[in-house]
Amino acid sequence: MTHRLVLAEDNFLVREGVRRMLVGSESVDVLASCGDLGEALEAIDRLEPDVVLTDIRMPPERRDEGIMIAAHCRRRHPGMGVVLLSQYAEASYVRTLLTEGTQGRGYLLKERVADLDELLAAVDAVAAGGSVIDPKVVETLVTGRSLAGDSDIARLTPREREVLACIAQGRTNAAVATELVLTQHAVEKHINAIFTKLGLSGDRTNHPRVRATLMYLAEGQR
Amino acid sequence: MTADPEDRPGVRVLVVDDQSAFRRAAVLLIRSASGLTMVGEAASGEEAVTMARSLVPDLVLMDVRLPGINGPEATRQILAERPDTRIILMSTYEPGDLPGDLEGCGASRFLRKQDIDAAALLA
Numbered sequence: 001m002t003h004r005l006v007l008a009e010d011n012f013l014v015r016e017g018v019r020r021m022l023v024g025s026e027s028v029d030v031l032a033s034c035g036d037l038g039e040a041l042e043a044i045d046r047l048e049p050d051v052v053l054t055d056i057r058m059p060p061e062r063r064d065e066g067i068m069i070a071a072h073c074r075r076r077h078p079g080m081g082v083v084l085l086s087q088y089a090e091a092s093y094v095r096t097l098l099t100e101g102t103q104g105r106g107y108l109l110k111e112r113v114a115d116l117d118e119l120l121a122a123v124d125a126v127a128a129g130g131s132v133i134d135p136k137v138v139e140t141l142v143t144g145r146s147l148a149g150d151s152d153i154a155r156l157t158p159r160e161r162e163v164l165a166c167i168a169q170g171r172t173n174a175a176v177a178t179e180l181v182l183t184q185h186a187v188e189k190h191i192n193a194i195f196t197k198l199g200l201s202g203d204r205t206n207h208p209r210v211r212a213t214l215m216y217l218a219e220g221q222r
Numbered sequence: 223m224t225a226d227p228e229d230r231p232g233v234r235v236l237v238v239d240d241q242s243a244f245r246r247a248a249v250l251l252i253r254s255a256s257g258l259t260m261v262g263e264a265a266s267g268e269e270a271v272t273m274a275r276s277l278v279p280d281l282v283l284m285d286v287r288l289p290g291i292n293g294p295e296a297t298r299q300i301l302a303e304r305p306d307t308r309i310i311l312m313s314t315y316e317p318g319d320l321p322g323d324l325e326g327c328g329a330s331r332f333l334r335k336q337d338i339d340a341a342a343l344l345a
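Going line by line, the protein sequences match chains A and B.
Using our numbering, the first residue of the first sequence is number 1, and each one after it goes up by one.
Using our numbering, the first residue of the second sequence is number 223, and each one after it goes up by one.
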């Protein structure tokens, strides 16, 4: 299936490189490539793409324009997927992004843009309403909590940390089982143990668990 | 009269990137910038060494990850023949995640692709 996409990135080399790469893939139709917040919002409202792929820092302020785009889409175009490209793993961006829900949201490090397969996988996932968080970002969040002396994280076994990282990336129980060579039953047991140790509650089988896990990891890291 | 952009003087640039999308984007960037002139494009480290020998560019914009010999190794070989060539290594990845000896290969500097513009190439 071809996804209709709007691209927003202020750096010419990256914008043009990514545009050409996506067009060459033939699974994405790049409707517009924009260089600042105003252009991007105008294109999104006019073209109503399936997915927006956007840098976080862009003109006019070069602060959190990508986060503003994600919030705009959540309000005005609830079914639209948004993949944010970030230079660094910043907990505050992850927290802000996910405050309004994980459905159809992705957060990738900008270094992934040259990897077409990873980029297309993220576009596919958010277009389908799923969520994608860069594994390196999750690792940074887990490490950050560990370094901050989080006693709950310290109580997790190494295997539970691996399962936690998979959940935070939006994997299903079946996918976690395949990745870690476990039975689904074992995965479910690990997830129950993690949620209990971290004091998380709610749906342990669907999207809310991704949000719960990520919010937990991002909370307190400023 | 306006000079043909292809004939204008300036810093003569060779672009090296195995990903055609990013290589073409870099070519467009250089062609649109005053003070820079495109002289060639290569898709591998070996091709970069051969083209640098024949084209004698002032500046080589070289991706780090390349098929065959990588960017730092191609840099070393080009500089062994022409030590006055300026070579900028580039990647979307952070230096710590990249192969080769970025510091010791003799390149003028390393730039992330997301930080590259005409001013950065002329600096």
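Hints listed in this document are in silico derivations from the structure and should not be mistaken for laboratory results.
Small disclaimer: the values here were computed from a predicted structure and weren't measured.
Do not take every clue at face value.
Said to hold, decoys possible - To give an idea of the interface, some chain B residues facing chain A are shown, with a C-beta separation under 10 Å as derived from the structure:
#, residue
1, Q241
2, R246
3, S254
4, D285
5, D306
6, T307
Cβ coordinates follow ideal geometry from the N, Cα and C atoms, glycine included.
Indices of hints not satisfied (ascending): Violated: hints 5 and 6.
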